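Peer 1: If you want the building blocks of each chain, they are given just below.
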Amino acid sequence: MAHDRWMSVLLIVLSVVVASAFADDKPDAAKAASGDPQGNVEVAKKSRIRIGGISLTGGYSRFSGSPYWGSPYYGYYASPYWSPFWQTYFPYGGPYPMGFYPSLGQPGPGMGEIKLYAEPKTASVYVNDAYAGTVEDLKSMWLEPGAYNLRIEGTDGASFRQRVYVLSGKTLKLNAGLTASNREVAP
Amino acid sequence: MRRLVTMLVLGLSAASSLASDNGTVPKSEASRYPASAEQGEIKLGASLLTAEQVRRSFATELSRSFAVVEVAVYPDKSSLLEVSRSNFVLRSANTDLSTRPTHPRAVAANSQRNSGGRDVTVYPSVGIGYESGRAYDPETGRERRGGVYTSAGVGVGVGDRQVANTERDREVMELELTEKGLPEGSTQKPVAGYLYFPYPEKKKSDAYQLECTLGGVKLVIALKP
Chain A
1 MAHDRWMSVL LIVLSVVVAS AFADDKPDAA KAASGDPQGN VEVAKKSRIR
51 IGGISLTGGY SRFSGSPYWG SPYYGYYASP YWSPFWQTYF PYGGPYPMGF
101 YPSLGQPGPG MGEIKLYAEP KTASVYVNDA YAGTVEDLKS MWLEPGAYNL
151 RIEGTDGASF RQRVYVLSGK TLKLNAGLTA SNREVAP
Chain B
1 MRRLVTMLVL GLSAASSLAS DNGTVPKSEA SRYPASAEQG EIKLGASLLT
51 AEQVRRSFAT ELSRSFAVVE VAVYPDKSSL LEVSRSNFVL RSANTDLSTR
101 PTHPRAVAAN SQRNSGGRDV TVYPSVGIGY ESGRAYDPET GRERRGGVYT
151 SAGVGVGVGD RQVANTERDR EVMELELTEK GLPEGSTQKP VAGYLYFPYP
201 EKKKSDAYQL ECTLGGVKLV IALKP
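In order, the protein sequence lines correspond to chains A and B. For the first sequence, the numbering used here gives the first residue as 1, with consecutive numbering after it. For the second sequence, the numbering used here gives the first residue as 1, with consecutive numbering after it.
Please note: incorrect hints may appear among the correct ones.
Partial list, derived from the structure: chain B residues whose beta carbon lies under 8 angstroms from chain A [stated by the list, open to error]:
1. A59
2. V163
3. A164
4. R168
5. D169
6. V172
7. M173
8. L175
9. E176
10. T178
Using C-beta positions, here's what the derived DEER-type ranges look like [to be verified]:
11. K202/B x E119/A: 43 to 51 angstroms
12. G110/A x G40/B: 23 to 31 angstroms
13. N114/B x L174/A: 22 to 30 angstroms
14. K121/A x R168/B: 26 to 34 angstroms
15. E82/B x G110/A: 35 to 43 angstroms
16. K115/A x R100/B: 21 to 29 angstroms
17. S124/A x G129/B: 23 to 31 angstroms
Source of the hints: derived by calculation from the structure; they are not laboratory data. These numbers come from a predicted model, not from an experiment. In this text, a Cβ means the ideal position worked out from N, Cα and C, and glycines have one as well.
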């Protein structure tokens with residue numbers, strides 16, 4: 001029994017470590033760009049939900065109690081199955097049925113990300129001439145695939161302009177150095 | 001006569017502006033590019049981008065299939081020069097195999113096709129629980145005690161990769177490649193932009209030659225990444 005308790009403690013610690021390693025930042029609420037003349041610009045942070053796939057599961061399960069129905073509670077298991085979600089754990093052996101446990105931390109389908117690094121954080125960000133927020137608010141922007149004119153303006157008149165191309169599932173890291181002149185920065 | 005002159009001026013302006021919409025900003029002189037050449041009044045500057053430079057300059061994935069060359073043409077200011085992708089040839093210095101620039105639409109389609117694939121994700125999992133309650137083993141008749149159960153496993157998820165493989169992505173890639181591409185048309189002003197050459201051979205060479213025929217003048221530049 002003592003062995004099982006130690007094993008239990010070890011597995012709890014392992015669970016916490018694994019869970020924290022796989023967890024991503026919780027996405028913020030959607031932010032919409034306002035006043036877009038074309039009406040097709042949307043700056044949003046999407047929930048990261050991964051759907052679809054084939055899972056092949058294998059592992060080892062052990063029960064410390066006495067045998068039940070003449071079968072011991074330990075042994076290896078392997079279960080290939082299709083599941084759009086995380087596998088559930090079924091502690092009494094047998095099948096591992098599909099369950100509704102969405103895994104967070106995956107990019108939204110069909111969108112691309114812009115990671116913005118700029119100083120000062122209070123500088124205003126414009127997407128296709130529409131105000132989208134401050135640099136602080138828009139460290140990470142999720143956009144539909146497309147070409148956008150990005151403009152960042154500081155309170156002291158310094159600015160940064162760049163035409164950016166967003167593709168689905170890709171992340172564009174943009175280190176924007178604001179300059180006093182209003183020149184176009186070559187991509 | 002005045003009408004004819006007006007139409008001629010307008011036509012020339014339009015033709016000149018054709019070549020100035022897209023591309024990159026030409027450097028002040030052709031000699032500022034890593035490789036340059038001049039013949040008469042026509043000057044040519046060029047730079048073969050490294051894979052890292054391509055990755056930093058383009059959202060479109062190009063480095064695996066295409067040699068990207070930034071080209072700047074400095075025409076004779078007294079006459080119009082016709083600039084076209086078909087004026088350029090990239091030749092491998094080792095094997096003498098050559099290719100011509102690919103249209104941005106074809107490059108985008110190729111990149112879209114290569115963007116597909118599969119993602120494999122590994123999900124380690126551990127479980128622990130306690131079962132309480134009383135039960136009897138039907139075979140032995142003994143009372144069964146509760147206990148702790150533990151498990152460890154690993155799940156392998158296989159799914160389609162959703163990276164730049166939609167029709168919209170292809171359109172965006174084509175737009176990017178066109179906007180950054182070498183402007184085509186008649187011009188009196190310096191123009192610059194990128195050309196996308198499929199590699200002349202499977203094994204990438206470490207040295208290339210860019211050949212260009214502009215206004216009946218042939219220019220050859222040695223390129224190294």
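Peer 1: Indicate, hint by hint, whether the structure satisfies it.
Peer 2: To see whether the hints hold, each was checked on the structure:
At its closest, the beta carbon of A59/B sits 4 angstroms from a beta carbon of chain A; the interface hint therefore holds under the 8 angstroms criterion. Residue-level restraint check for V163/B holds (minimum Cβ-Cβ distance to chain A is 4 angstroms; threshold 8 angstroms). Taken as an interface hint, A164/B checks out: its beta carbon lies about 4 angstroms from the nearest beta carbon of chain A, inside 8 angstroms. The interface hint given for R168/B holds, since its Cβ lies 5 angstroms from the closest Cβ of chain A, which is under the 8 angstroms cut-off.
The interface hint given for D169/B is met, as the beta carbon of that residue sits about 5 angstroms from the closest beta carbon of chain A, less than 8 angstroms. Here the hint on V172/B is kept, as its CB sits about 5 angstroms from the closest CB of chain A, short of 8 angstroms. A distance limit of 8 angstroms between C-beta atoms decides the matter here; for M173/B the minimum to chain A is near 7 angstroms, and the interface restraint holds. A cut of 8 angstroms between beta carbons decides the hint on L175/B: the least distance to chain A is about 5 angstroms, and the hint holds.
Using the Cβ-Cβ criterion of 8 angstroms, the hint placing E176/B at the interface with chain A is satisfied: the shortest such distance is roughly 4 angstroms. About 10 angstroms separates the beta-carbon of T178/B from the nearest beta-carbon of chain A, more than 8 angstroms, and the hint is not met. Under the hint 43 to 51 angstroms, the C-beta atoms of K202/B and E119/A, about 45 angstroms apart, fit the expected range. Judged by the Cβ atoms, the range 23 to 31 angstroms given for G110/A and G40/B is violated: they are separated by roughly 52 angstroms.
Our hint of 22 to 30 angstroms for N114/B and L174/A holds, since their Cβ atoms are close to 24 angstroms apart. Remark: the range hint 26 to 34 angstroms for K121/A to R168/B is upheld by a beta-carbon distance near 32 angstroms. The hinted window of 35 to 43 angstroms between E82/B and G110/A holds, with their beta carbons roughly 41 angstroms apart. Distance hint check for K115/A and R100/B: the Cβ-Cβ separation is about 37 angstroms, which falls outside the suggested range of 21 to 29 angstroms.
Taken as a hint, the range 23 to 31 angstroms is violated for the pair S124/A and G129/B, whose Cβ atoms sit roughly 53 angstroms apart.
In summary, the numbered hints that this structure violates are 10, 12, 16 and 17.
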